[in-house]
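Participant: Single-letter residue listing:
2 protein chains.
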Amino acid sequence: MSDKLPVPDKKGVLFLPLGGCGQFGANFTLYGHDGAWIAVDCGMAFADERLPGVDVVLPDASLIAEQRDRLKALFITHGHEDHIGAVAWLWPQLRCPIYATPFTAALLRRKLEEHSYKGAQPKITIVKPNVRIDAVEGWGVTYLPVSHSIPEGNALCIETPVGRIVHTGDWCLDPAPILGAITDPAAFSALGDAGVMAYIGDSTNSDVRTKHLTELEVEHGLTEVFKTAPRKIAVTMFASNVGRIISIYRAARACGRQVALAGRSLDTMVNCARETGHIDDGMRFLSGDDAADMSDHKVVLILTGSQGEDRAALSRVARGVHPSVKLKADDVMIFSSRAIPGNETAINEIKNSLLGMGVRIVTDRDAPVHVSGHPVRSDVAQMLDWLRPTIVIPVHGERTQMEAHASLAREKNVPHIHVPMNGEMLKFMPHGVEKLRHYALNFSAIDMGRVVASDSLPILERRKMSFNGAVFASLVADRQDGSLLDIQVSAMGLLDPDDARDARVITELEDAVAERFETLSKAERVSEDAGVEAARARIKRFFRDAYDIKPLVNVHISLV
Amino acid sequence: MSDKLPVPDKKGVLFLPLGGCGQFGANFTLYGHDGAWIAVDCGMAFADERLPGVDVVLPDASLIAEQRDRLKALFITHGHEDHIGAVAWLWPQLRCPIYATPFTAALLRRKLEEHSYKGAQPKITIVKPNVRIDAVEGWGVTYLPVSHSIPEGNALCIETPVGRIVHTGDWCLDPAPILGAITDPAAFSALGDAGVMAYIGDSTNSDVRTKHLTELEVEHGLTEVFKTAPRKIAVTMFASNVGRIISIYRAARACGRQVALAGRSLDTMVNCARETGHIDDGMRFLSGDDAADMSDHKVVLILTGSQGEDRAALSRVARGVHPSVKLKADDVMIFSSRAIPGNETAINEIKNSLLGMGVRIVTDRDAPVHVSGHPVRSDVAQMLDWLRPTIVIPVHGERTQMEAHASLAREKNVPHIHVPMNGEMLKFMPHGVEKLRHYALNFSAIDMGRVVASDSLPILERRKMSFNGAVFASLVADRQDGSLLDIQVSAMGLLDPDDARDARVITELEDAVAERFETLSKAERVSEDAGVEAARARIKRFFRDAYDIKPLVNVHISLV
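The listed protein sequences correspond, in order, to chains A and B. Using this note's numbering, the first residue of the first sequence is number 543, and each one after it goes up by one. Using this note's numbering, the first residue of the second sequence is number 543, and each one after it goes up by one.
Incorrect hints may appear among the rest.
One copy or two, it doesn't matter: identical chains are merged, so the pair holds either way.
Derived lysine to aspartate or glutamate pairs resembling EDC-like cross-links, with alpha carbons at most 16 Å apart [as the list claims (entries may be wrong)]:
| hint | residue 1 | residue 2 |
| --- | --- | --- |
| 1 | Lys977 | Asp852 |
| 2 | Lys1006 | Glu591 |
| 3 | Lys893 | Asp749 |
| 4 | Lys893 | Glu817 |
| 5 | Lys1082 | Glu1057 |
| 6 | Lys769 | Asp872 |
| 7 | Lys893 | Glu851 |
| 8 | Lys1064 | Asp809 |
Hints are computed from structural coordinates only; laboratory data are not their basis. These numbers come from a predicted model, not from an experiment.
Generate the whole structure from the sequences, applying the supplied hints.
Facilitator: Set out below in structure tokens:
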């Protein structure tokens, strides 16, 4: 079977998630019909220790790059990194019109400006909500505003000749959000009345059975905590949650405090929100430096780094190395955020350090100081009641949450439900869904400033060296008679040449390699390849026998 | 100030936790009085990605090793790895009598047998509960049985001329445990009546406000889940929880199923429990192989690997590579365990894989299939009411939990409370506690089969190479005139010599280093040190300028 994408025909709508389902959380979804493709979102994800030295991973765009002429548009639902973070990196492979709302476009432009492209430059078309965009002949896309934890969240209504698809992006229900639109019951139930073929929906909190707080309740929760704080207050949160910044601002003002921002991403978000009218001019923020000069009880600091990121403000405050923000005993640190799975250890360390300083910590277990921007089970049920789709495709979240979403859809008697995997291509038809094939996807990594396959040799080598070290041997032999003139071995990450016992082991190893080299024929000794191979094999055997370790081995032979 | 331990005087009891408080969870505590020391527990902890290639970390025993002649005894409270796992490794530094109950001793002997020691061999004295051991002249230690998630958990009552200390080890309250003793209200309240100077207590669940299930309720919970399972049932749990193994066995038998064990540590635990009378001869277990031949509805499998460990049975089952155990759609996988912080990602991946196969997953969020072996807040309150200590020292747990324990003690009007850090030496006196000093502790790692400092050069190098790669350069120069005869550079973890673009970069780098070498004076060129230094600096600059990366650099110069 070819590893290329088929050309979409008229019989159905092809659906292919290249990310966003399960373990790889960067959203990038293709829809295809009648010779054309569109893409929805193009996000990044954070790498973990399995890719040492790599911070950011991206979806693999190679499948669609081969049909770039048929890719008619990229629609961005909202500005979270897992929805826009890969656009600037993958642009050379996509080069299609980009659609986004003003705030999302402002964020995206800042990212695009950090890159320079040969040839076609990216162009963003600003989208108006509730207005159909005829990006592809015969089918259109309409942005439907939804509540979410960033300004200008949108679901997409994708209308094709075969049927209507609702792709939610990220959303929640908040009847009175601090900022932006509500997820409009009338709009979604009208779609349901008109008929929805397929629903592709956010599963992140589908297994959460508690009621969803509103952002206003969070504002009240914060105000209560602020009221009782005797000294400095700091809050950490996701910088993109501009509604939360406003909540904190109002809670702070209600307690006679000003608000200071510490962390570059907060400045970026506030600037974009101001440019696009989400924060009005009357709302003024101090810097961390300004706050350092103020009385402790007059300020609320907002810090980046709620996920424990090493270089963010919170981590530096916890380590006592932030240039302007210091916390001490009886200061209050509020975590107005949740831990993204995988970050628990880093966050715990920060909490431990702060507690060690006597700082009081408040999390959403102690008070209503955070609400997720994703729909809980009852919200998903509501959406299914509005839309009454023929097909439900749970996406976004780990498999556990996607399965919970599917089981809810089964309770609602949805006729066709499929929990997809990344790379699984489905075909939507008015009467159901068909699984076409499963593409084996790699994903990409940003390494040394460029996009590479996540299994590229340098990354694999770094991972191997991190566990097994690296041995480097250099041999010099006489070009004429093959006699060994010099040998030096270093075992980085394994043996310390300044340690007497290790130094003896290095000498033994050099002797063993020299001895092996000298058993080679003269012809082999004056052929670099044979010498390299023999030395490498001897070194591997040495470490296997002595330590049961398989280091990366590199041998240089110079013939002089 | 000296970094040595003082010789304990008669005025108080010295307390020094070398682990077990906060971030470093391996328990190892010293008590000193009147010229003598005793140690309580000597555990290990698991390393994380910050020490790549290292699985296990140990407390640093160097402080006490210098006063080994004054170390009169090591008392092991129970057999969990974080209480006994370092004994076999640190024995050469301790060499004191070891005390333990029969089950703990059986586990410890198996560990000691894997090592060989020069000189004095470890000797374990078997302890009887409730009988005072006069290990040190003038003061004694009594083992007090407590409920815990392993057979033979014990608190220690340490009686000194200055006052009585109760050190709980790990414990919980279970009025009717499946196996072993209850935490006896009469015994602990009698100690309180007699007077307790200091209480050193388990904080792990001090911030948990829900009621503690009993192990019998877990057995009922398991039975209910087993009853409704149509096909194969597998359960993962901590192998050392022998009471849970019995619960599973009884629940399985009640549903007409046999029990099979998959994973070496389960065999070890069951063998030790059988030897010491905790599992009777009538209770028979199958192997994973046996179970493979049985009907699906006739067997319950117990699997090791509840923490997502790569090589354990559960992980291999989830990856479909276990030799005898296979799971498929509608099989039930029960997590009768909790995630230790830091293991969430690995556990989530296993759950995702199993869900992808259609396996149904049951965790303690779905049904009462697990209970922790540590005291919740109300249990800690009960213990404080029994003991009424003058001094409370919360240990064991992260700082968050230790602080919650301290705040509970404050509510109980305990006069002296101190949340310690590892390395903080306190002095207990009948009227209070004094902080003497804070030792800067390192900790040790098992690396290449030996105990080394966790900041030893090879470990630091591996960590550095994992992010920044390693560059090896070999230069050959003429010993007489210093002319450069050959140069080869490899950039492992950075540049792929088989990639055309990278190969060009390597050539550029070789040229740059050669050029730099040739600017050296003849005297420098025939001195290895000057050449190595110049080449290293040039390589570092090259990678900083091109990629903003600081690789580990190793240069060999051969003069021929």
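Participant: Now look at each hint and say whether the structure bears it out.
Facilitator: Right, here's what the structure says about each hint:
1. Taking identical chains as interchangeable, the C-alpha atoms of Lys977 and Asp852 are never at most 16 Å apart, the minima being 42 Å within one chain and 32 Å between chains.
2. In this assembly of identical chains, the alpha carbons of Lys1006 and Glu591 lie at most 16 Å apart whether taken from the same copy (12 Å) or from different copies (13 Å).
3. Proximity of Lys893 and Asp749 under a CA criterion of 16 Å is satisfied inter-copy only: 14 Å between copies versus 27 Å inside one chain copy.
4. For a Cα distance limit of 16 Å, the shortest separation of Lys893 from Glu817 qualifies neither inside one copy, at 35 Å, nor across copies, at 44 Å.
5. In this assembly of identical chains, Lys1082 and Glu1057 lie within 16 Å of each other by CA distance solely inside one copy; the values are 15 Å within and 34 Å between copies.
6. In the homo-oligomer, the alpha carbons of Lys769 and Asp872 lie at most 16 Å apart inside one protomer (14 Å), although the nearest pairing across protomers, at 52 Å, exceeds that limit.
7. Taking the shortest alpha-carbon separations for Lys893 and Glu851, only the intra-copy value of 13 Å comes in at or below 16 Å, while the best inter-copy value is 26 Å.
8. For a Cα distance limit of 16 Å, the shortest separation of Lys1064 from Asp809 qualifies neither inside one copy, at 68 Å, nor across copies, at 55 Å.
Comparing the model with each earlier hint shows violations of hints 1, 4, 8; every other hint is respected.
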